[in-house]
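Q: If you read the sequences in order, they're chains A and B.
With positions in the first sequence counted from 1, the corresponding number in the working numbering is that position plus 4.
With positions in the second sequence counted from 1, the corresponding number in the working numbering is that position plus 4.
These are computed hints drawn from the structure, not numbers from a lab.
Keep in mind that the hints are not guaranteed to be accurate.
The list treats identical chains as one, so a pair stands whether inside a single copy or across any two.
[Claimed, not checked] Below 27 Å or equal to it, Euclidean Cα-Cα: the simulated DSS-like pairs (lysine-lysine) are:
#1 Lys592 - Lys499
#2 Lys603 - Lys334
#3 Lys9 - Lys88
#4 Lys70 - Lys82
#5 Lys155 - Lys291
#6 Lys469 - Lys388
None of the values given here were measured: they were computed from a predicted structure.
2 protein chains.
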Amino acid sequence: MPSYKAPTRDMKFVMQEVLGAGDQLAAMPFYKDNDTADFDLLSQVIDEAARFVETEIQPLNQIGDKEGCVRDEQGNVKTPTGFKAAYDKFRAAGWTALDADPEYGGQGMPHTVSIAMNEMICSANVAWGMYPGLSHGAYSALHAVGSDELKKLYLPHIVDGSWTGTMCLTEPHAGTDLGIIRTKAQDNGDGTYAITGTKIFISAGEHDMAENIVHLVLARLEGSPAGTKGISLFLVPKFIPNADGSLGERNGVVCGSLEHKMGIHGNATAVLNFDGARGWLVGEVNKGMNHMFIMMNAARLGTGMQGLGLGEVAYQNALAYAKDRLQMRKEPRVSGEEADPIIAHPDVRRMLLTGKAYTEAGRALALWLALSIDTEHHHPDEAKRKEAGDMVALLTPIAKAFMTDNGFNVAVQSQQVFGGHGYIQEWGMEQFVRDARIGQIYEGTNGIQSLDLLGRKVLMDGGKKLQKLAGTLQEFAEENEGDEHIGDYVNQLGKAAQQLGSITMVVGQKAMSGAEGADEVNAAAVDYLRFFGHVVYGYLWARMAKIAHDKIDAGADKDGFYLAKTQTAKFYFTKLFPETKALAATIKAGNEPLAVDDKAVFGWEHA
Amino acid sequence: MPSYKAPTRDMKFVMQEVLGAGDQLAAMPFYKDNDTADFDLLSQVIDEAARFVETEIQPLNQIGDKEGCVRDEQGNVKTPTGFKAAYDKFRAAGWTALDADPEYGGQGMPHTVSIAMNEMICSANVAWGMYPGLSHGAYSALHAVGSDELKKLYLPHIVDGSWTGTMCLTEPHAGTDLGIIRTKAQDNGDGTYAITGTKIFISAGEHDMAENIVHLVLARLEGSPAGTKGISLFLVPKFIPNADGSLGERNGVVCGSLEHKMGIHGNATAVLNFDGARGWLVGEVNKGMNHMFIMMNAARLGTGMQGLGLGEVAYQNALAYAKDRLQMRKEPRVSGEEADPIIAHPDVRRMLLTGKAYTEAGRALALWLALSIDTEHHHPDEAKRKEAGDMVALLTPIAKAFMTDNGFNVAVQSQQVFGGHGYIQEWGMEQFVRDARIGQIYEGTNGIQSLDLLGRKVLMDGGKKLQKLAGTLQEFAEENEGDEHIGDYVNQLGKAAQQLGSITMVVGQKAMSGAEGADEVNAAAVDYLRFFGHVVYGYLWARMAKIAHDKIDAGADKDGFYLAKTQTAKFYFTKLFPETKALAATIKAGNEPLAVDDKAVFGWEHA
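If we strip away everything but chain A, and leave its shape as in the complex, we get (with noise of 0.2 Å):
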């Protein structure tokens, strides 16, 4: 059975020593208010997250897995044994409040401690986090565009964790492209509107942890226009609240099926039809998409740490059986056994490093961004907001993509380390290769994620934001060029964004030439991504191991940790980061061979 112990040590480097999350945290009158801007007590959150995760949520993972959801013939859904008594004790323990507005009872702390226990969550069982992480983001939707009404009436109960949320996106013919969702709201004339229509793929969409849920809807009101204007949001609750928050009547929305799928078995992938449900308006008419996206960063980047989340917990478990396991003799042995551990064989360090290098830079990008998030809602100085948003802004995509590419592959070498024993499910290392597949799925595929990248955030921006990043990146550069230690990755990592900057460049003066400009866009994107990422990796790695060698320097490495840091900086900048000569390459060659004759390679006949 696998085992998990949550990486709180690297958690409050890159918290402290990296980002100097609390000064910068007391700078902002909310958490400094609030007395959740201290480092000491974050940290106390932090262990007090890892033995709750590590005890109480991580041993029901095999079991979601192998038992499923259950739906029964009137659309109820049982989810796993353990799974509804570990929500009572998360909600009882106050998890569910967390990062929540301390108005609707939250706990006013700091984006930048929720998204490590988010991490943890999602390495221990990601199935489950999917329940509260839902109900999260339909809280996030709310507190930011609902009215005072819903949200009085609401949020409380989602903070407290006794109403669960969902996002009601998709339907069996529009995932991607929601402009041409066909769910209606029909006008009651009483303030409230009856929704009619088919919704697919809702993650936590029906089951037995919470008293309610409460369904944001995505639908299109009578005589709005078409496309993605004419979309608006709406608030669905499965059982009516009375005006004192007592459960009224049920509304009209049930689970028609769940879904059979490759992994997250645990949570309940709900089909959910809606007949005339009644429904109220989150925010303005035919803002819908607009109102959605306030909340995708935080939902990206939520996918992004299930990669990362997944990536840590199939490294630990690799380490481990790499440790135990004799296989081969190495020269000079290592052990007195009649063979010796595979951990010391070089192939295997190789597959070991990479898990390590890719969590820990990812661990790295996710608490960045989420400081960040914290500085974009809650700086004093509106410029700091705006730098802060934007680099959000910019970071997401990657985040959500690179992290969760890197998980699943992260999670395969991990498997591979395991043998033929890694195919087993006992083992539960293909548990974690199946349950990171969907990452780069959801929440807008990989490849919708490179495009917003490419073409919203850089392109359609002016490269504006890719040009503070990279004006970043050059002081960083400039300060570290001669440095005996890092100087050599400083180097490569200023070519590397050189060559950003021109290939964006290339690839903007391509898209401007008319109808074919898009293809070129489109072509380029998830290359452009994962060019990016390395980037941003490489720049998370060299501060790192600048700060890592300053502390060896200093004599204060007591414990290897910051030898580590070093080493696995060295293993990324040698080993990984030179896909980028690859990706540029590919990049390069643009969408010339991609426009092939579609009747002849492809059999494709069309207008």
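Once you've looked at the hints, dock chain B against the given chain A.
A: Frame of chain A, contents of chain B only:
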């Protein structure tokens, strides 16, 4: 539900137009005399095989995954619904005898044609295909080194499919490291041996599809030396046959349990307990490892075929979905619907072309190898036999590892084309991913294949086989370097081949530098194999492109088949081949970044 149409046109293109198989086989008396060299005949066999596989085998694939195999308390195993009936038809139609020796009831067909059928079976239902597949492996070993007595008694039954075979190598503590197996053999003094021990991961180890199961078992004869030099190969039948071939008493080998696996659920992966089971020596005492290696090439190519077959079927289904699924609007529009087929979007084309380029090159490699195996066994000229055998030895680890890695990646990318639907079991794409994953692990992990290639096939051989291949490449390059169509590919290929040579030199020199030399080989091996794989695929794509361009120039491309070849070649060289740039850098980085501090980085303390 997924569909499958065997790519017979492409198979024939490779066989006849690329490899000239008809003429080459006609030069081998064995096939000439058996009347099995004629290309028209082979072509008919391929068409008939396609019909059989598409209609009888493929429809059972999802059933097999869903039902799996069930073991009762006596150790009997029931295969999924329909598996036995399809196997009976398969036998009745003579497919188990296809490339077997006519002396034992075989049809004496070339390996070149059986490998084509093999690909089809792997596409259609890899779990089902492993029953006859393992049987074929046992046939090969017994045919190569068994005594006449054993061969006469067993082979006719294996050839007609009434009995199947297995290969029993792995034990709980010994996978890669067969030198430490503990299963023991005691001489009964009557020409038989008592075999005792536990074997795990035995594919097709117990089932209800055949009357008898013939286990080929690695065991240590009492008094034999330690390590691989003390291992012998034994034949242990489930039922001990009487002299006339009728079934006698039940032997002491029982299926103790079945593994629960990530995929290939339809195949019974058995734990087999041998409790003084009666066995017969196959080949010579203490030569068991050598005997196994005789058939290892075929078994490893067979595993590579799983990667190829699964990549192909995943690609086919992604292609069909991409034409059908309407999502987002392309400029200019290509359909009158509210959205356009996703195949119009360049990033989707990129994923599809990745599948097409890898599978078509893999097919060319597989058929080239199969024809080389035929040549190795049956060419009248000893020098030709030796040359072909060298090429088979060199390319087999590439066929196994590169084809299964690419097959898995293609399955994953094809699943990605489906968006959220790819994660849902009913669509069948996630099964392809789960089924493809094992190919990278068993029959020697891909890490082990890489060591076999770099350590054994290249360096221990002093680079002789590599030089022979390099000579072939150079000859091709010199002939075509100025070619208007493929000159650029040849140029890229030439550079990469040169680089492969220099990389080999560098690693070879490091390898000789004492104990750490082995680490350098181990550190480089996986990236080296991938680099080598691209050189081989590049060579094959350039050859195929040349033939296709010649046809086009001659006005002989009636249906666009050759145009598709040229455009896929271009995609390969511009979008996939550049991976070599990254690999060259990571190989060059050597073992140093992996030689990290064990305690600091891995928390591993040792002597």
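Q: Would you mind marking each hint as holding or not holding in the structure?
A: Cross-check of the supplied hints:
1. Lys592 - Lys499: So Lys592 and Lys499 pass the 27 Å test inside a copy (16 Å) and across (19 Å) alike.
2. Lys603 - Lys334: between (55 Å within a copy, 18 Å between copies)
3. Lys9 - Lys88: Within one copy only: 23 Å inside a chain, 47 Å across chains, cut-off 27 Å.
4. Lys70 - Lys82: both (14 Å within a copy, 22 Å between copies)
5. Lys155 - Lys291: For Lys155 and Lys291, only the intra-copy Cα distance (18 Å) is at most 27 Å; the inter-copy one is 77 Å.
6. Lys469 - Lys388: within (14 Å within a copy, 63 Å between copies)
Checked against the numbered hints given earlier, the structure satisfies every one of them.
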